[in-house]
Amino acid sequence: MKKIKSILFSFFLLLFLFNLSFPQESSDPRPPTEIKAFDTPNDNGHAITVIWKLSADDGKVKNNVVAYEILRSDSPEGEFEIRGMVPVGENLFEDKGAKEKKDKNYFPSHKNFYYKVRAKADKTFSESEVSKPAFAYGQWYHTGKTTVLAGVIVFSVFALAFINLAKKGKELYIRPLAGIEAVDEAIGRATEMGKPILYILGLGSAEMIATIASFTILSRVAKKTAEYQTPILVPCYDAVVMAVAQETVRAAYLEAGRPDFYKEENIFFVTSMQFAYVAGVNGIMLREKPATNFYLGKFYAESLILAETGSVAGSIQISGTDEIAQIPFFIAATDYTLIGEELYAASAYLGKEPVLLGTLKAQDWGKAVVIISLILGALAASFGFQFFLNLFRVQL
Amino acid sequence: MKFFDRLLAIDRRIIFLFVIIAVTLPLFSKATLHIEVSPMVKAVYDAVDNLPPGSKVLVSFDYDPASAPELQPMALSFFRHCFSKDLKVVIIGLWPQGPVQANIALEDVFRDPEIKAKNLKYGVDYVNLGYMAGNEVVIQSMGSNIHTTFPADYTGNRTSELPLMKGIKNFDNIDFIYNLSAGYPGTMEWVQFAVDRFQAKLGAGNTAVQAPGMYPYIPEQLVGVLGGMKGGAEYEIIAKRPARAVSYMLSQGVSHAVIIFFIIIGNLAFFVTRGKKKTS
Amino acid sequence: MSTSIGVWIAAFLTLGIMSFLYKDNPIYKFCEAVFVGVSAGYWFVVEFFNVFLPKVYDNVGIAVNVLLVQGRVDWFHWSYLLGGILGVLMLLRLVPKIGWISRWPLAVVVGTTAGLWLINYLVSNAMRQIQSTIIPLYVAGDLNATIGSIILVVGTFCGLIYFFFSKEHKGAFGGAAKIGIWFIMITFGASFGYTVMSRMSLLIARMDFLVGTWLGLIR
Amino acid sequence: MRREVPLIITGIVGITLIISYFIPHTPFNLLQDLFTDWYQIVAAFAIILGILNLLRISLDKVYKKKKGWFFGLVVVLSFFFIVIPGFFFSGGRGFQNPGTPFFWIYFYIYIPLMSTMFALLAFFVASASYRAFRARNKEATMLLLAAFFVMLGRVPIGYYLSSWLPESYQLATVADWIMNFPQTAGQRAIMIGIALGIVSSSLRVILGLERAYIGGE
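First to last, the protein sequences are chains E, W, C and H.
No gaps in the numbering here: position 205 of the first sequence is 205 in the numbering used here, and each next residue is one more.
No gaps in the numbering here: position 134 of the second sequence is 134 in the numbering used here, and each next residue is one more.
No gaps in the numbering here: position 214 of the third sequence is 214 in the numbering used here, and each next residue is one more.
No gaps in the numbering here: position 106 of the fourth sequence is 106 in the numbering used here, and each next residue is one more.
Please keep in mind that the hints were generated in silico from the structure rather than gathered at the bench.
There's no promise every hint is true.
Dumping the calculated PhoX-like pairs for lysine-lysine here, alpha-carbon to alpha-carbon at most 20 Å [what the hints assert, rightly or not]:
1) W:K42 to W:K85
2) E:K36 to E:K111
3) W:K85 to W:K30
4) W:K240 to W:K42
5) H:K138 to C:K178
6) H:K66 to C:K29
7) E:K170 to C:K178
8) C:K29 to H:K65
9) E:K168 to E:K223
10) H:K67 to C:K29
Keep in mind the model is a prediction, meaning the values are calculated, not measured.
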């Protein structure tokens, strides 16, 4: 019995020792294969992409590969240096460098490089064969952005064509907008009551689209007030906006044939501090009790304070902005609201300028394209066709 | 009906008083409330949680003290999350006050013994590159080179000499971008430039005012968005570190109830008095 | 109660601004003026140290250095001097007679935004939005998801119809526009609710400062 | 000179930036970096311009003893109150570090003033909801209803009000649903509309057809 025990013991001991030494005895993982290097597409050069087929031991329990190292050399036999590492399971590496010569990491374009990929296991590794040479070069055109280019071209063609049509005198139809239809009535009411009209251009600077749209509407409103001889007050937040507003109103009075009626002091600068400006305008509303308030342009947190004061003062209020978070306050507290793009449309509708009308038409056609693609796309997607979706895919 | 007329003409200051009470009284309560974590917040949390240790996270602080009550709690719990997961943090700001708010948040987070024990080093584990003027154009130029966009950090060290920044040239070397935003420039600009021009991965915390506007970007262009103080509270809950935002939730709830009450009463009085005027 | 002078000053300023709720008064006006001055000063210091020094001064310094030491012209770094000059031209707006020169730097600003925005808004806010809306209307076995997709597609579609200006809102077209405006109103309702939430949060934090940090009544 | 040069600059800069999106090759990428760097510098000076303008107006008030001249003086003094410590006593470029005098002013003066200013909005929202927010038509009613669900659904009160309902009818779920579907759809429609508006106005600016931003002579 003793003998058997000792034999068994030595057997297990051997087994145990064997087991202990087993992991150290592992062989190298099998190397990655089919390594390919090529210039990274759609860039300015200075980068090469390397792809390979995963090692056969990738994801296996035994000899598990933990990462791949990518090595580069300028000759197939030369010294290879490590350029980067990717985790297990990945088979692509973009070897990117700096484009400035003095940079440590400078990556010359138009120079041949050779790559190999090293599959790393816990302690060992194996290397792939050396790739065929590849060199980096810059592309003149980014192929993934064709859709965007098409979009830009189509839109520009629409815009130029419609501007041209409008200039030739073709009537371009734009549907009436409730807020704008109310303008005449509102001015008439002010005249009857013998009270002024308050026109607020918002807090935007002169180059913002909402402000530009508001200038156009101001010009029409001012012309009407000149005809009715109703005073118009324009308190301003921005010095440049004030200068442009003065010019706009003066021109409108001239056009209406009443330049004598234009009062420059009615278009004035208040302050460019948000809440101080609101306090100033509120004061005007409570003192002058204007019959009609216009809030058209860029508005921020002050929108609800203005709209509330005007509503309590009993004025008719017409508002419009493209600042989405402020529109709810305008809808709830003013009589007419131009929502987002409607503000731009209103300026084209009133201004009747070929450029504005033309680009508004282009926007409409753009929307038509969007709407049609939406319907067709959603139907196609429902039946499992991916074709439409790929049309709008922008590669980056 | 005189009652309603008088109700409509009530002094605003009485309304103001109601608001003060509705907001302040609940602050004294210590009740723990049930706060549900919305899928949107979970998406952001998971995106951060799944980053391997050592990943580089860029945080853009695009807000000022005016919105700090909503965004500061988000900054705190985000920093805590990043540091406890050993992520490397790069801070910038498109609003000048942003990087200062970041410093205030860092100071708070480092008071936490768990984070303090990690002995994080400036320049190695986190950097603050400060503010740069130029709004969204800053993002565009970071896409080609962060070192020329931010030549120096907020204390004037050369960016290229900071160890952490040595391995970061542009968005290619950043694993996740987190944007705390209170308006323009903010999340929309990060989507347009960092995501749609440079393929970055983006999550965001927004003031409640602008959070709804970000929904169309989710999930294709934006991982998710934390909306307002409530979003911050949800993040604290999911990270199992309830803090300031959670403690304010009762006040938040009561104040909403008061607003709804005002709208109902106001409309009731308005329609009753208007109906009377029409019939008379 | 707090013993820090800073907290007391902050509390005074907080109450000073809040006094406006009772009535416009000189203390409020004083606090407001301090706010205006301090924030202008804040921006001034920040723009100087964070933009002017690193962008213009440092880069031109490098350019000068290269010129003196290596005797070659470093065009890259000199270009920042031109940027600085453009910036100074912007300030000429303060001089009425030659203020028009400030339009040149302004043109750089406007041109940059126009060039970037044209692409960005087209890609991010139009094309990629279409891409995200092209989804299968029917999700097998998931009623909620199916309803959600239909609402998403129909809502976007009708909303766009509402913003179509070349056709009067009549008949089926008008019906679609009507549905569109409902969706838009729900959007604004949500946005309104969120705005209320936002404003209330700001007040909560301020009251917490007054009651907690300053008076020490909480905790 | 006054009108043509700016239009030409705008056109060149705008077109270059569009081209560089499609053609990532030199020289367009370098020009893009150049213009964006200039933009950043000019943007900083534009802010300084605004500050100088403010100081000029305030000093003007003080000199001419206009109404409110005292507050004009306060503006100027507080400006220097933060600028002098910022420039000379806060360690140069590290001026925003916690512990500097500049930071102290930021923390104890700037933060309370600014955040209280905006906290006032809470009161104005309340007063506006009471005095001006009317369900004056179907659209406004719809708006207020959606707001009602979102406001309640987003806070714990909503949970306690509706916890007796099955989960998919609880206020929080309803609010999430509104946000994710109808809200997103409406938001997207508005977004696409505004985007096309911006594209077309950018096009006008680049082609030199939009001149309002230049201002008068």
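The hints, checked one at a time:
This hinted pair checks out: K42 (chain W) and K85 (chain W) have alpha carbons roughly 17 Å apart, not beyond 20 Å. Between the alpha carbons of K36 (chain E) and K111 (chain E) the distance comes to roughly 16 Å, so the proposed pair stays at or under 20 Å and holds. Of the pairs offered as hints, the one joining K85 (chain W) and K30 (chain W) is violated, with about 31 Å between alpha carbons and a cut-off of 20 Å exceeded. Simply put, K240 (chain W) and K42 (chain W) have alpha-carbon atoms about 13 Å apart, close enough for the 20 Å limit, and the pair holds.
Only pairs whose Cα atoms come within 20 Å are accepted, and K138 (chain H) paired with K178 (chain C) is accepted, the gap being roughly 11 Å. This hinted pair checks out: K66 (chain H) and K29 (chain C) have alpha carbons roughly 15 Å apart, not beyond 20 Å. For the suggested pair K170 (chain E) and K178 (chain C), the alpha carbons sit about 30 Å apart, so the restraint of at most 20 Å is broken. Taking the CA atoms of K29 (chain C) and K65 (chain H), the gap is near 17 Å; set against the 20 Å cutoff, the hint holds.
Under the criterion of a C-alpha separation no larger than 20 Å, the hint pairing K168 (chain E) with K223 (chain E) is inconsistent with the structure, at around 25 Å. A hinted pair counts as satisfied when its Cα atoms are at most 20 Å apart, and K67 (chain H) with K29 (chain C) qualifies at roughly 13 Å.
Hint compliance for this structure: hints 3, 7, 9 are not met, and every other hint is.
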